[in-house]
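Following our numbering, the numbering of the sequence shown begins with 167 at its first residue and continues without gaps.
FYI, nobody ran anything at the bench for these hints, they're computed from the structure. Since the structure is predicted, the reported quantities are computational estimates derived from the model, not experimental observations. C-beta: ideal position from N, C-alpha, C; glycine also. Do not rely on the hints blindly, as some may be mistaken.
What the hints assert, rightly or not - Pairs of lysine-lysine, BS3-like flavour, derived with a Cα cap of 30 angstroms:
(1) 199 with 186
(2) 181 with 202
(3) 181 with 221
(4) 173 with 186
(5) 202 with 186
(6) 221 with 173
(7) 221 with 202
(8) 221 with 170
(9) 170 with 202
(10) 221 with 186
(11) 202 with 173
(12) 221 with 199
(13) 199 with 171
(14) 170 with 186
(15) 199 with 170
(16) 173 with 199
(17) 202 with 171
(18) 171 with 221
(19) 170 with 181
Claimed, not checked - Cβ-Cβ distance ranges computed for the label pairs, FRET-style:
(20) 177 with 221: 15 to 23 angstroms
(21) 272 with 192: 32 to 40 angstroms
(22) 179 with 272: 20 to 28 angstroms
(23) 272 with 224: 20 to 28 angstroms
(24) 272 with 200: 22 to 30 angstroms
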Amino acid sequence: MDKKKSKIIAIASLKGGVGKSTTGIIFATLLSKESKVLLIDIDTQASITSYFFNKIQEQNVNLESFNIYEVLREEPLEIRDAIINVNVNLDLIPSYLSLHKFNQEAISFKELRLKKG
């Protein structure tokens, strides 16, 4: 089986209000027309998650238990258990208000947590 290597695209800026979430939503939606896309909302304000909130509610997802913070913490949730399908070819790992705790926790090699998934 011919398997393509995934591409990772990060949209980041320390400054707030510059359009990161809007760019991420539009870019992911456009890419999902041709390819499978996993959008990860890793913002404590959870703007991308809010945008897809109706789709998340339709699937009865408990955001408090199934979000990016739960994937990143010391005893993590399996990454595949946090993925929610929001459109054709577009999946989301949502954020939640608890994400702010991640910066305060003493977890070894935090920056490598997503590589394991």
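Going down the list of hints, with the structure as the test:
Annotation: proposed proximity of residue 199 to residue 186 holds, straight-line Cα distance about 20 angstroms (limit 30 angstroms). This hinted pair checks out: residue 181 and residue 202 have alpha carbons roughly 29 angstroms apart, not beyond 30 angstroms. This hinted pair checks out: residue 181 and residue 221 have alpha carbons roughly 28 angstroms apart, not beyond 30 angstroms. With a C-alpha separation of about 18 angstroms, the suggested pairing of residue 173 with residue 186 holds against the 30 angstroms cut-off.
With a C-alpha separation of about 20 angstroms, the suggested pairing of residue 202 with residue 186 holds against the 30 angstroms cut-off. Restraint check for residue 221 and residue 173: satisfied, since their Cα atoms lie roughly 25 angstroms apart, inside the 30 angstroms limit. The hinted pair formed by residue 221 and residue 202 meets the criterion: a straight-line CA distance of about 18 angstroms does not exceed 30 angstroms. Distance restraint check for residue 221 and residue 170: the Cα-Cα separation of roughly 28 angstroms lies within the 30 angstroms cut-off, and the hinted pair is therefore satisfied.
For a cut-off of 30 angstroms, the pair hint linking residue 170 to residue 202 stands: about 11 angstroms separates their Cα positions. A distance of roughly 21 angstroms separates the Cα atoms of residue 221 and residue 186; the hinted pair therefore holds under the 30 angstroms criterion. A hinted pair counts as satisfied when its Cα atoms are at most 30 angstroms apart, and residue 202 with residue 173 qualifies at roughly 11 angstroms. Under the criterion of a C-alpha separation no larger than 30 angstroms, the hint pairing residue 221 with residue 199 is consistent with the structure, at around 18 angstroms.
At most 30 angstroms may separate the alpha-carbon atoms for a hinted pair to count; residue 199 and residue 171 meet this at roughly 18 angstroms. Distance hint between residue 170 and residue 186 is fulfilled; the C-alpha atoms sit about 27 angstroms from each other, no more than 30 angstroms. Restraint check for residue 199 and residue 170: the C-alpha separation of about 17 angstroms stays at or below 30 angstroms, so the hint holds. For the proposed pair residue 173 and residue 199, the alpha carbon gap of about 16 angstroms is at most 30 angstroms, so the pair holds.
A hinted pair counts as satisfied when its Cα atoms are at most 30 angstroms apart, and residue 202 with residue 171 qualifies at roughly 12 angstroms. The hinted pair formed by residue 171 and residue 221 meets the criterion: a straight-line CA distance of about 28 angstroms does not exceed 30 angstroms. Distance check on the hinted pair: residue 170 and residue 181 sit about 34 angstroms apart at the alpha-carbon level, beyond 30 angstroms; violated. For residue 177 paired with residue 221, a C-beta distance near 20 angstroms keeps the hint of 15 to 23 angstroms intact.
At roughly 37 angstroms, the beta-carbon separation of residue 272 and residue 192 lies within the given 32 to 40 angstroms, and the hint holds. Distance hint check: the CB atoms of residue 179 and residue 272 are about 27 angstroms apart, consistent with the given range 20 to 28 angstroms. Evaluation of the 20 to 28 angstroms hint for residue 272 and residue 224 yields a failure: the beta carbon distance comes to about 38 angstroms. For the pair residue 272 and residue 200, the beta carbons lie near 42 angstroms from each other, so the given range of 22 to 30 angstroms is not met.
Of the numbered hints stated above, those contradicted by the structure are hints 19, 23 and 24, listed in ascending order.
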